[in-house]
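Chemist: Residue numbers (the numbering used here), protein chains in the order written: chain S, 3 to 425; chain E, -19 to 547.
Honestly, the hints are just simulated from the structure, not real lab data.
Any given hint might turn out to be false.
A partial selection of chain E residues facing chain S, derived with a Cβ cut-off under 8 Å [what the hints assert, rightly or not]:
| no. | residue |
| --- | --- |
| 1 | 26 |
| 2 | 27 |
| 3 | 34 |
| 4 | 42 |
| 5 | 43 |
Okay, the calculated beta carbon distance ranges per label pair [claimed, not checked]:
| no. | chain 1 | residue 1 | chain 2 | residue 2 | range |
| --- | --- | --- | --- | --- | --- |
| 6 | E | 263 | S | 251 | 44 to 50 Å |
| 7 | S | 263 | E | 282 | 48 to 54 Å |
| 8 | S | 248 | E | 316 | 55 to 61 Å |
| 9 | S | 211 | E | 522 | 42 to 48 Å |
| 10 | E | 14 | S | 415 | 15 to 21 Å |
| 11 | S | 58 | E | 252 | 52 to 58 Å |
| 12 | S | 248 | E | 506 | 35 to 41 Å |
| 13 | S | 248 | E | 229 | 39 to 45 Å |
| 14 | S | 234 | E | 40 | 53 to 59 Å |
| 15 | E | 525 | S | 67 | 40 to 46 Å |
| 16 | S | 248 | E | 431 | 44 to 50 Å |
| 17 | E | 506 | S | 251 | 32 to 38 Å |
| 18 | S | 415 | E | 37 | 42 to 48 Å |
Just a few of them, taken from the derived set where beta-carbon distance is under 10 Å, the chain S residues facing chain E [stated by the list, open to error]:
| no. | residue |
| --- | --- |
| 19 | 277 |
| 20 | 285 |
| 21 | 291 |
| 22 | 298 |
| 23 | 300 |
| 24 | 301 |
Every residue gets a Cβ at the ideal spot worked out from N, C-alpha and C, and that includes glycine.
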Amino acid sequence: MAVDRRKVAVFGAAFVLRLLLICLFPSLPDLLTGRVEVSTPVNSFKRLQEGLYLYTRNVSPYDGGVFHQAPLLLPLFSLLPDVNSNPIPTAIFYFLVDLVNAHALATISESGQSVQSRLHSAMRKHIRWDGTSVAAWFLFNPFTIATCLARSTSVFTTSGILLAVSNAVSGNTLNAMLALGLASYLSMYPALLFVPLALLCYDQRAQKSAQAPSSGLFILQHGAILSGSIAGLLGLSILITGNFWEFMSATYGFHLLVPDLTPNVGLWWYFFIEMFDSFREFFLGVFWLHLASYVGGLTARLRRQPLFIITSLLGVFAVFKPYPSISDASLYFALLPLYRHLFPLMRYTFFAISALLYSSLLGPAFYHLWIYAGSGNANFFYAITLVWSLGLSILLADSIFAALRDEWEQDHPERKGQEVKQV
Amino acid sequence: MTSKNGDHGSPQTSSTLKADPKPSAQRVPPPETPEAIQTRFRVIAAFWAVIIFLGFPIWWKTTSIYRAHLPIQEMADWADGKTCRPVFPLEIHVAAPTMQLPESQHLVRTTQHALDDLNEFAAHHLRLKLTNDTETSTAQGIDNTPITGSMMDDAPDTALTVRVVAQEGLATPRSELRADTTQLDIFYPPSQVPIPSSSNPPLSVFIAEELQRLYSEEKATIAYILSGGAAGRDSESISRRLRRSMKYADTYHLSFSLFTPGSAPSSWDIEAAVQEYLSPLLHAFGPISNFTIDTQVQLYATFSPMAPPPVYDETESAWTLKKEDLSAFINAAEWPLNPSIGNGPTLNFILYVPDPSQSPMVVKENRASSWIVPQWGGVFLLNPPLEQAGQSGSQTNPGHITQESLRPAFMTFSHQLLTLLGTPTTPASLPLRLQSLIRVRAATLLLSASSTMGSLARLTESLAAIPIPATVASSVSTTLAQLSSTCSHLREGRFGAALTSARIAETEAERSFFEKSMVGQVYFPDEHKVAVYLPLLGPIGVPLLVSLMKELKRLVAGWKARRRSTA
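Using the sequences and the hints, build the whole thing.
Modeler: Okay, here's the thing in structure tokens:
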């Protein structure tokens, strides 16, 4: 088997860079683990350790009210050596997960699904990066590196999603659903990706076989596979925790009801701190529906490019999720380079990227002013998270605009490159 | 909130508006393909499906205010006193072992007549019942069941037993109330045995007057309470007595403190003293209230600098405090007197041992060594015999106060406790006073729980927007049930049971009235809801509504066109 030397070099360099970082700055992982931008209550490594401590002493890990992550992570991490005395094996495990993610990303890129799908063919196919470059974008993204070093458990959700997509584009629909089941089991919100992912699988199947299978039956079948895999994982979790309702309310109940309002880069915490108590449930419903309502609209509008629906939805989640962190943004940024051919059509890239850079530099500073220096207040940090969300949303809206423009040019090839005017 | 305005709409506006970009201003835009129109319809339908099928049910479920049903009319009736007129029929047993049965029956009948003539307050009346050893049916008993042990629960409490005994060598009848039981002995000269023909024998009149005198204070108190504090006969003294006593509580906390300005005494036999002198009284109070006790010893407790110091009085050869200065005696700023421990109010009892240089200390006007602080507690000045310390000849307080020397203090404290708890001052028998207190308390609690019910009813009527949790409804129904059982217990003369019910009613009534979740929205008028909904839902809603309207217009136009073409 021919080994792609460039790919090996990129992967090796990424690995060595991470290793160097933790060897040169041994306190860096713990510093990053404590940052609110990286660690949220649902993916914090510190909280995982608390749950692990309780679990290894045969106490229910959810007893302390601190741990809110899926129980299957516990036996996995109890196999690794103690992170306080020996942090390297855990770190290397995370590096490897990152490399697996990058590999999945390279697979997606090499399938060419982003430029050429069953119902759609991009106009600027020639402008694109190969799999190794896309993987490099992912591996050397500072947000990815920070997430990896902070040992946030979001990386497993990321793997689940990326593996699901990479299996789907290679036509391996069963594995795709199983991987999505894992991601949904870990963080719940990836289940919203089911419809576009099923469409992606359907397009692949239809492209390969002579006659297209019945779409309704296909989606039902894959929905059953997804539910089955989630049910299986939940069944395993019951074996571990013993108390079904306790772990359901501590994990998924926590995602749904958002009781912990620790600041993060999202929009929910400040809003629910200020909200009147009697309206809390109502606005929880509104926020969740707002998040979910994009699935239907985007799927209907971008039916021809299912992979782009997934990408855009991941961007929506990174902004509107209850507990977002920079790892969600890094996942969106990982998939965006697949659409290199849309970049020439985007209009506000400079503004979006400036807003993102501005907020990622000022965010930690304002957080420090608020929490440690005491010379600022919560509004400082919240304003920065607004700018961050604004930057992401501009990028998102711009990329969707570019994708639609691309589709329109495909329908009207004679008008390619002409000025557009919005009506 | 503001962020939402900026970025929520981008995906769907881009999907709806940017779907049909015009190539340039001059040229007519190319006609939309049916496919594009269908796609747009689907996008709008997808958003509206989420809103209608998920959004509206969530809105309905989470913002509807749960108002449990309350029996408003019934509650108001209780508060207005329409449901229950409390009556206090006291059952008094008459035993006349030295009389013949017809004679004693006649005596009871005539005495009852005399009593009824004397009584001017209908709610409180005395019922005589003859209990000789032989079973006798009585003239005016509520039920004819003789009192036996097993039937005690249903039978009315016996308020008093009157023993009518013949005694030689008496000119007129004589009464004697025993201080420790509920028995009144009447001694009469044998010559005064009522003859069956006489309608108003002197013995009956005497007994009736005695009984009337025994219960006059209680009667006046209950009349005062039921009338809501309106002026009446000796209402002045009653209201003063009620002002001095604590508000009723289910549990009182008693705090006994030893204060001394020096280093001695530093210990006291408080546990034994409480056990010996106070426990029986507290036990007797069991049906009325519960008590918790703590004690403390505070050395070097000085007077407040503002308080006038005691003055040496040559004639009394004692250090004296002026009566008007007693209010400044307690150094509230520095003495650690807990305002409240636990959930009940605290009664403070202070034992003050003066410094040897200021001993003995008394109150100037009457040489008293104790006084009561209304609604707060009592103070006792203990002047123990001084001891000679060493060769210097200086005198010191004893280091330890024995149980025996605490005896006068605790006798005073017991008396103060009775006063602070609102016990009537007459009659002389303690059991009778406690029984009287039970009736007074039952009446107070009945009224207070009823009026709480009325307030709650008015509150829920006037504030239509506050939620009423199910716990409040269940508390209210418990209260009403306990109130009516209080009322029926009172009517049948079972005052202990009535007080028990009234205590539960009062607790539940307070709980329902002070339910926290009810008042959360009191200051939240409906107009504020606009401010809650609009900033977030407005920006989301406007593009959705506009697109929906456009789409509907298009559908209607298409439908009309189709009809025209077919017609």
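Chemist: Evaluate each hint against the coordinates.
Modeler: Against the structure, the hints:
1. 26: At 3 Å from the nearest chain S Cβ, residue 26 of chain E passes the 8 Å test, so the hint holds.
2. 27: Since chain S brings a Cβ to about 5 Å from residue 27 of chain E, closer than 8 Å, the hint holds.
3. 34: This hint holds: residue 34 of chain E lies near chain S, its Cβ roughly 5 Å from the closest one there, short of 8 Å.
4. 42: With a closest approach of 4 Å, the residue 42 of chain E hint holds.
5. 43: holds, 5 Å
6. E/263 <-> S/251: 44 to 50 Å: holds, 48 Å
7. S/263 <-> E/282: 48 to 54 Å: holds, 51 Å
8. S/248 <-> E/316: 55 to 61 Å: violated, 45 Å
9. S/211 <-> E/522: 42 to 48 Å: Given a distance of about 46 Å, which is inside 42 to 48 Å, the answer is holds.
10. E/14 <-> S/415: 15 to 21 Å: holds, 19 Å
11. S/58 <-> E/252: 52 to 58 Å: holds, 54 Å
12. S/248 <-> E/506: 35 to 41 Å: holds, 40 Å
13. S/248 <-> E/229: 39 to 45 Å: Check passed, 40 Å falls within 39 to 45 Å.
14. S/234 <-> E/40: 53 to 59 Å: violated, 36 Å
15. E/525 <-> S/67: 40 to 46 Å: holds, 42 Å
16. S/248 <-> E/431: 44 to 50 Å: Since the Cβ atoms of residue 248 of chain S and residue 431 of chain E sit about 46 Å apart, the hinted range of 44 to 50 Å holds.
17. E/506 <-> S/251: 32 to 38 Å: At roughly 34 Å between Cβ atoms, residue 251 of chain S and residue 506 of chain E fall inside 32 to 38 Å, so the hint holds.
18. S/415 <-> E/37: 42 to 48 Å: Holds, at about 46 Å.
19. 277: Residue 277 of chain S check passes; min Cβ-Cβ to chain E is 8 Å, inside 10 Å.
20. 285: holds, 7 Å
21. 291: holds, 5 Å
22. 298: Holds - the Cβ of residue 298 of chain S comes within 10 Å of chain E, reaching about 3 Å at its closest.
23. 300: holds, 7 Å
24. 301: holds, 7 Å
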